[in-house]
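Protein chains in written order, with my numbering: chain H, 10 to 258; chain B, 13 to 268.
Worth flagging that the hints you see were computed from the coordinates, not collected in a lab.
All C-beta atoms in this analysis are idealised placements derived from N, C-alpha and C, irrespective of residue type, glycine included.
Check before you lean on any hint, since a few could be wrong.
Below, in silico cross-link-like pairs of lysine to aspartate or glutamate (EDC-like), each with a Cα-Cα straight-line distance of 16 Å or less [claimed, not checked]: (1) H:Lys-76 to B:Glu-235; (2) H:Lys-95 to B:Glu-192; (3) B:Lys-29 to B:Glu-243; (4) H:Lys-76 to B:Glu-168; (5) B:Lys-159 to B:Glu-25; (6) B:Lys-29 to B:Glu-244; (7) H:Lys-76 to B:Asp-227; (8) B:Lys-221 to B:Glu-192; (9) B:Lys-29 to B:Glu-168; (10) B:Lys-159 to B:Asp-227; (11) H:Lys-76 to B:Glu-242; (12) B:Lys-77 to B:Glu-152; (13) H:Lys-173 to H:Glu-241; (14) B:Lys-164 to B:Glu-152; (15) B:Lys-221 to H:Glu-241; (16) B:Lys-159 to B:Glu-242; (17) B:Lys-220 to H:Glu-247.
Not everything, but these chain B residues come out facing chain H in the computed CB check (under 8 Å) [claimed, not checked]: (18) Leu-91; (19) Val-162; (20) Leu-165; (21) Ala-222.
Next come the chains, spelled out residue by residue.
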Amino acid sequence: MSKKEKSIMKLATAFALTFGIVPSAFAMHIMEGYLPVGYCIAWGAVCVPFLIAGFFSIQKTLRENRKAITVLAMSGAFVFVLSSLKIPSVTGSCSHMTGTGLGAILFGPSAVSILGIIVLIFQAVLLAHGGLTTLGANTFSMAIAGPFVSFGIYRLCKALKVNKMAAVFLAATLGDLFTYCVTSFQLALAYPSEIGGVGASAVKFLGVFAPTQLPLAVIEGILTTVIVMTLETYALPELKAIGFTREVK
Amino acid sequence: MRTINTIDSYAYESRIKGINPGLKAIVAMAALLFCIGTGDVLVSVSVFLSMGIITIFMGGLSVWKYLALLKIPVTFLILGTAAIVVGISHVPAGRFYITMPGFYLYLSDGGAALAARLILKAMAAVSAMYMLVLSTPASEIINLLGKLHVPKLISELMNLIYRFIFVMMDVQIHMKQAAESRLGYHNFLTSCRSFGGIGANLFMVSLKKAGVYYDAMTARCYEGELLFLEEERPVKTKEAAAAAGYLAFLLLLWLL
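With the rest of the complex left out, here is chain H (with noise of 0.2 Å):
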């Protein structure tokens, strides 16, 4: 390759990497029609236990307390909203919050993998993030694997006494890091590359969804901690209403 060539390559590669910074509203949503049907079909069978055992502890919840319905809604419409918001940022570009670290914080995995998948048609039905028939997939790496690993930390940093706060942007960081790796890990296995199948093609897009995902995922812990610091000196009722209070002591 000759010199003009390089350094051609290396302009092009410098104006991918700035071009995926800027406009990355909600890059980690596997776009409509971006996975092939076997895959669509296997991660919606992955999440169907899940999805299952969310629809039956919401249905437990409702025996026990019809008035719930209404607060599962709102709460759904709030991940939703909250979701949908451009969040702050130093570099100008355009992203959005998770919100499924602070549900499962607040709600539990359970409940939001059921509350996350509605919250995913409504993305694809409403804002075109994401799509129909990569619903799974994405109900999967969102609605499933960040919140259950977010809870889990939250749990551990509870019980090694870590402080609370702490343990709620550990939570919402990483789970929203386990997002991103389990989306990479899905769009390689789809498209294994060529020389060093799945593994090589999982560090190429952990590669190219870095820039955006690492500083939002630190982002999304910071906010999600300043939004459970006011609500736990604000809204104290409230919360214990939806059992949050209960879980800490």
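Since chain H is already given, all that's left is putting chain B on it; use the hints.
Then chain B, alone, in the frame of chain H:
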């Protein structure tokens, strides 16, 4: 946030809103599956064009608005496709490579062709989905899910969430205006604080409203089942024939 109001209002304004939602869903989903199932370039191109034509000419959406919507998934498309076209390896590979510290970036041989097919396929799939969502209000899509035997609890939750989204959006807009007019977003740190505060406030408001709405529902005889008025939209023979013809055309295109 602008998008939510736009897609929803476009769906209500669409001239093909009156067509049976089930029929539209069948056509859209069949075309979508055709695209991603066959991966055929000709099928993709014709789905992309035909769905665009249906949305713009039959649905009456302006071309510019449609193009603006098509731009939404482009970031993902560019990044995702870049990862497929460019390979990394420890040894020099491919027709064309550049050296990075510790590894090589190369252009994979079949990558460009695969990427081109993928972009076409994905954009065709997106246009098929747009045909559905830009002509069918979300409440009708939820009703369709009910007809597919999605548990009643889920479709009820969806109906409530759909309505509450707009309530919460409204509350959020006012909170954001209030914060902005007090310089709540003038730099990154204050933005984070305002955003977090709005988020928490929104959550409190949502829980309060949840209680009020439940009382309102009980006052109107809610006993564990929400009933919504559904407009009857019978399938016309002409429309069914057109849909069948369209799908047969796609099938033929793929077979040839």
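Status of the hints after comparison with the structure:
Taking the CA atoms of Lys-76 of chain H and Glu-235 of chain B, the gap is about 11 Å. The hint holds against a cut of 16 Å. The straight-line distance between the Cα atoms of Lys-95 of chain H and Glu-192 of chain B is roughly 14 Å, inside the 16 Å bound, and the hint therefore holds. Between Lys-29 of chain B and Glu-243 of chain B the CA atoms are separated by roughly 11 Å; this keeps the pair inside 16 Å, and the hint holds. Between Lys-76 of chain H and Glu-168 of chain B the alpha-carbon distance is near 14 Å, which keeps this suggested pair within the 16 Å criterion.
For a cut-off of 16 Å, the pair hint linking Lys-159 of chain B to Glu-25 of chain B is broken: about 24 Å separates their Cα positions. For the hint pairing Lys-29 of chain B with Glu-244 of chain B, the CA-to-CA distance comes to about 12 Å; that is within 16 Å, so the pair holds. Under the criterion of a C-alpha separation no larger than 16 Å, the hint pairing Lys-76 of chain H with Asp-227 of chain B is consistent with the structure, at around 9 Å. With a CA separation close to 24 Å, the supplied pair Lys-221 of chain B and Glu-192 of chain B exceeds the 16 Å bound.
Straight-line distance between C-alpha atoms of Lys-29 of chain B and Glu-168 of chain B comes to about 22 Å, which puts the hinted pair past the 16 Å bound. Restraint check for Lys-159 of chain B and Asp-227 of chain B: the C-alpha separation of about 29 Å exceeds 16 Å, so the hint is violated. For the hint pairing Lys-76 of chain H with Glu-242 of chain B, the CA-to-CA distance comes to about 25 Å; that exceeds 16 Å, so the pair is violated. The suggested pairing of Lys-77 of chain B with Glu-152 of chain B is violated, with an alpha-carbon distance near 23 Å, which exceeds 16 Å.
In summary, the hint linking Lys-173 of chain H to Glu-241 of chain H is supported, as the alpha carbons are separated by about 11 Å, within the 16 Å threshold. For the given pair, Lys-164 of chain B sits about 15 Å from Glu-152 of chain B by alpha-carbon distance, which is consistent with the 16 Å threshold. The straight-line distance between the Cα atoms of Lys-221 of chain B and Glu-241 of chain H is roughly 19 Å, outside the 16 Å bound, and the hint therefore fails. Between Lys-159 of chain B and Glu-242 of chain B the alpha-carbon distance is near 12 Å, which keeps this suggested pair within the 16 Å criterion.
Under the criterion of a C-alpha separation no larger than 16 Å, the hint pairing Lys-220 of chain B with Glu-247 of chain H is consistent with the structure, at around 8 Å. Against a cut-off of 8 Å between C-beta atoms, the interface hint on Leu-91 of chain B holds, since the closest Cβ of chain H lies about 5 Å away. The criterion of a C-beta within 8 Å of any C-beta in chain H is not met by Val-162 of chain B, whose closest approach is roughly 10 Å, and the hint is violated. About 6 Å separates the beta-carbon of Leu-165 of chain B from the nearest beta-carbon of chain H, less than 8 Å, and the hint is met.
For Ala-222 of chain B, the shortest C-beta to C-beta distance to chain H is roughly 4 Å, which falls under 8 Å, so the interface hint holds.
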